[in-house]
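Chain order of the listed sequences is X and Z. The first sequence stops at residue 472 when you use my numbering, and every number in between is there. The second sequence stops at residue 365 when you use my numbering, and every number in between is there.
Calculated from the structure, these hints are not laboratory results. Some clues are possibly wrong.
Cβ-Cβ distance ranges computed for the label pairs, FRET-style [unchecked claim]:
{"no.": "1", "chain 1": "Z", "residue 1": "Glu228", "chain 2": "X", "residue 2": "Asp305", "range": "54 to 62 angstroms"}
{"no.": "2", "chain 1": "X", "residue 1": "Asp305", "chain 2": "Z", "residue 2": "Arg205", "range": "52 to 60 angstroms"}
{"no.": "3", "chain 1": "X", "residue 1": "Gln367", "chain 2": "Z", "residue 2": "Arg238", "range": "23 to 31 angstroms"}
{"no.": "4", "chain 1": "Z", "residue 1": "Leu92", "chain 2": "X", "residue 2": "Lys443", "range": "36 to 44 angstroms"}
{"no.": "5", "chain 1": "Z", "residue 1": "Glu228", "chain 2": "X", "residue 2": "Gly163", "range": "52 to 60 angstroms"}
{"no.": "6", "chain 1": "X", "residue 1": "Asp305", "chain 2": "Z", "residue 2": "Pro207", "range": "49 to 57 angstroms"}
{"no.": "7", "chain 1": "Z", "residue 1": "Glu228", "chain 2": "X", "residue 2": "Asp281", "range": "25 to 33 angstroms"}
{"no.": "8", "chain 1": "Z", "residue 1": "Thr226", "chain 2": "X", "residue 2": "Glu238", "range": "43 to 51 angstroms"}
{"no.": "9", "chain 1": "Z", "residue 1": "Pro189", "chain 2": "X", "residue 2": "Gln299", "range": "30 to 38 angstroms"}
{"no.": "10", "chain 1": "Z", "residue 1": "Arg231", "chain 2": "X", "residue 2": "Asp336", "range": "38 to 46 angstroms"}
{"no.": "11", "chain 1": "X", "residue 1": "Pro383", "chain 2": "Z", "residue 2": "Arg34", "range": "48 to 56 angstroms"}
{"no.": "12", "chain 1": "X", "residue 1": "Asp281", "chain 2": "Z", "residue 2": "Ala148", "range": "25 to 33 angstroms"}
Example chain X residues on the side facing chain Z (calculated, C-beta under 7 angstroms, incomplete) [said to hold, decoys possible]:
{"no.": "13", "residue": "Ala179"}
{"no.": "14", "residue": "Tyr315"}
{"no.": "15", "residue": "Ile347"}
Glycine is no exception: its CB is placed at the ideal position from the N, C-alpha and C atoms.
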Amino acid sequence: MITIALLAFSLTVSEHAMTCAQTRVAAASAQISFRQLSEAADRARTENRDDEAIRLYKRALAVRPEWEQGLWYLGTLHYGREQYADARDVLRRFVALRPDAGPGWALLGMSEFQTRQYSRALDHLQRAMAQGMGDRADMVQSAFYFAAVVLTRLERYDDSMSMLLRMSSLNQDRQMLIEPAGLAALRMPLLPGEIPEDRRNMVRMTGEAVVSLQTQHYEDADQKFKQLEAAYPNEPGVHFVYGAYLMQLHPDDGIREMKRELQISPYHVLARVRIAEQYLQQEQFDQAMPLAQEAVQLDPRRSSAHMILGEAYVGKGDLTHGIKELEIARDDDPMETRTHWDLLRAFTATGRVDDARREKEEIQRLTTQAAAAHGAAENGTPGDQRAPN
Amino acid sequence: MSLVLPLLAVLLAIEPDSSINSAKSFEQIDKEADAARAADRLNDAVNLYREGVRLRPTWGEGWWSLGSLLYDEDRFPEAEAAFRRFVLISPKTDPAYAFLGLCEYETRDYDLALRHFRSWATAGWPGTPQLIDVAVFHFASLLTRDGEFVQALYLLATQAAKMGENPALTEAMGLASLRIRNVPEDYPPEHREMVWLAGEAAAYAAQSPHDFARADYYADRLLSRYPEQPEVHYLRGTLFTFESKTAEAEREYRQELRISPQHVSAMLALVNIDLGNNHLSEAESLAKRAIEIEPKNPEAHHALGRVMMATNHFSESASELETAKRLGPDVASIRSHLAMVYGRLGRQQDAKAEADAYLSLKNHEEVLAPQENKVRHASVPEPPK
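With these hints in hand, go ahead and build the complete structure from the sequences.
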């Protein structure tokens, strides 16, 4: 009945209605065409006919530009064929539609790494890590690796080192971590592929020492640090790395190495911070103070320098200046628990009860957060693990 | 009849193919697009703007919004197309040229991007402070690629003074300082350490106040690591020149000429030093060599003109300076020397004209530099309604 009624109607349609109908017919043929194309594309992909699959996915996406699955597979195919710029452009469209898809961000970040857009790559890899990448172990490992090496390239050495150490404790491929760890430890803003050949040995020796230490091969680490220092006594960064290692076991030797680093690298902020920190532990506040002041002067944006200077002031009994520096450190790096503890003690000593309470609450919050993050990391990747399909 | 029945079957079978009802009026779509954008429903907003510009291709605000949304999602090829349409139809397009340049940079259409950045600069660097920062950085990178190293460094130095340490700026400054005609995304990986060290040196020298001590530290590291690489000694010499360490600068420029015998900039730097030291014979020979190598370089003719003036060959000096003026009409200092030499030749009217030109050009000499007053009064990048 309906068909007859429609038929009757269709026989009396106006020109306008005919135009509409033609448009819908075009859409319908597009629909059919899309179905055929998408099926053919999937078939070509599963049969490893990649070039044909790419061509077919592109055609299907021309018909239906927001076909998520098509965008994802086209992106992965381009990536697999090392067509990184194409992969990147397709994956950007994909994540615009599926901002919840961690693997999409990961593959996008890796594509951007390959097209040398490091800042964007890092943002997107970090987003992938925050959202999770499901059970794709290879992808998780790659995303961590790329993020760590990009952090070094962007001169965020400490963040890079934290990631690398975490990776090494998760039993990731040790060889893969050596050059990135060496670069981060020596504070050289290079990718492994950018290491000059005459530097590679130094970088590798450093990385091997650091990774050995992290994986608790202490004798091996000790030997490698000594070899490094003997082989490259005049290279920037070497005494700092060796000093940082010694600082834990033989603080005076650590200080000696850090001072040698300062002779080679007179603007080394962190060497000053580490020596000052050691002096603070030994309650030698007068010796810590000028180093901490220099560190702040050289790098006013480094929160750890403000923290150490604040601790030095507090140690000397100058709570006013101490609190001021600690507050700068806290505002620059609110996640650093040690600064909150420092402030808690300083506020308590000056009777600023409300401020002290606030710091205490912040410490509790950060501690809980850190425990949760640790638990999540132990169990794999956190967050929504839905994979695109 | 037989045609109608399959048509009906198709009509009944198809699904709605779009979330946007084509029966909606343009006004409705405009309103809904803005609402979607305000509510952060970006995909809906993109689709609605697309539909809006399809219905009304002259809708400038629609193209602008579409371009901006796509740009924010790093979808540069699509954003580029939208901005391109916007500049075609909108009377006030200045900030759009910056966005267009940025999109073209990302899609690696570098020549076109440079052209659009130049249009943007000529229009007075309009845009929000964030847009200006990003656009200036990319503009400078393209100037480096185009061999306009001094202009690139000038722009990057203004950014470095404002932003302080920044790895991306450092890298761009390293490339410009070493005169490597590449953008940061495509230079040879084996040059990375050299570019980093050069960039650190340049960036610290550009800080406000100048941190020459740290600049020297990195420049010395660069020199000790790469003593035989072209451009390294020239950079070191330039830093010494900034620090008014003329003897050290001279030594480095000579080293550069040993490594790069055709290095015109090093020759001209030495001419400058020679003029100060009254070593006019060498100055003349270097300036002439520079002209031989780069006959269209206004600074080479400028240098020879100055040498001729110093040796009291005023007619020859005027001739060289006139050539320099023809090749570099907006270089103020050429006009100033031309005014001087015309004065010596007793051509007072010409001297006055050149002096006036000098004064007028002096304030606009750095035509590519983001002048503070321009930046301060720049319009925000809002589309014309």
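* To do: Mind checking the hinted window 54 to 62 angstroms against the Cβ distance between Z/Glu228 and X/Asp305?
  => 44 angstroms, violated
* Look at the Cβ atoms of X/Asp305 and Z/Arg205 and judge whether their distance stays inside 52 to 60 angstroms. => 30 angstroms, violated
* **Status of the hint placing X/Tyr315 at chain Z (closest C-beta pair under 7 angstroms)** => The hint is violated - X/Tyr315 has no Cβ within 7 angstroms of chain Z, the shortest such distance being about 13 angstroms.
* Is 30 to 38 angstroms a correct range for the gap between the Cβ atoms of Z/Pro189 and X/Gln299? -> 48 angstroms, violated
* Kindly confirm whether 48 to 56 angstroms is satisfied by the beta carbon distance between X/Pro383 and Z/Arg34. => 53 angstroms, holds
* Asked: Once the shortest beta carbon distance from X/Ala179 to chain Z is found, is it less than 7 angstroms?
  -> Status holds, d = 5 angstroms.
* Asked: Do the Cβ positions of Z/Glu228 and X/Gly163 conform to the proposed distance bound of 52 to 60 angstroms?
  -> Cβ of Z/Glu228 to Cβ of X/Gly163: about 54 angstroms, so the range 52 to 60 angstroms holds.
* Asked: So does X/Asp305 sit 49 to 57 angstroms from Z/Pro207, Cβ to Cβ?
  -> 36 angstroms, violated
* Quick one, is the X/Ile347 hint okay against chain Z at 7 angstroms, beta carbons? -> 10 angstroms, violated
* To do: For Z/Thr226 and X/Glu238, compare the CB-CB distance with the range 43 to 51 angstroms and indicate the outcome.
  => Violated - the Cβ-Cβ distance for Z/Thr226 and X/Glu238, about 34 angstroms, lies outside 43 to 51 angstroms.
* **Status of the given 38 to 46 angstroms range, CB of X/Asp336 versus CB of Z/Arg231** => 41 angstroms, holds
* Confirm or reject the claim that Z/Glu228 and X/Asp281 have a C-beta distance inside 25 to 33 angstroms. => For Z/Glu228 and X/Asp281 the Cβ distance comes to about 27 angstroms; the hint holds.
Of the numbered hints given earlier, the model fails hints 1, 2, 3, 4, 6, 8, 9, 14 and 15; all others are met.
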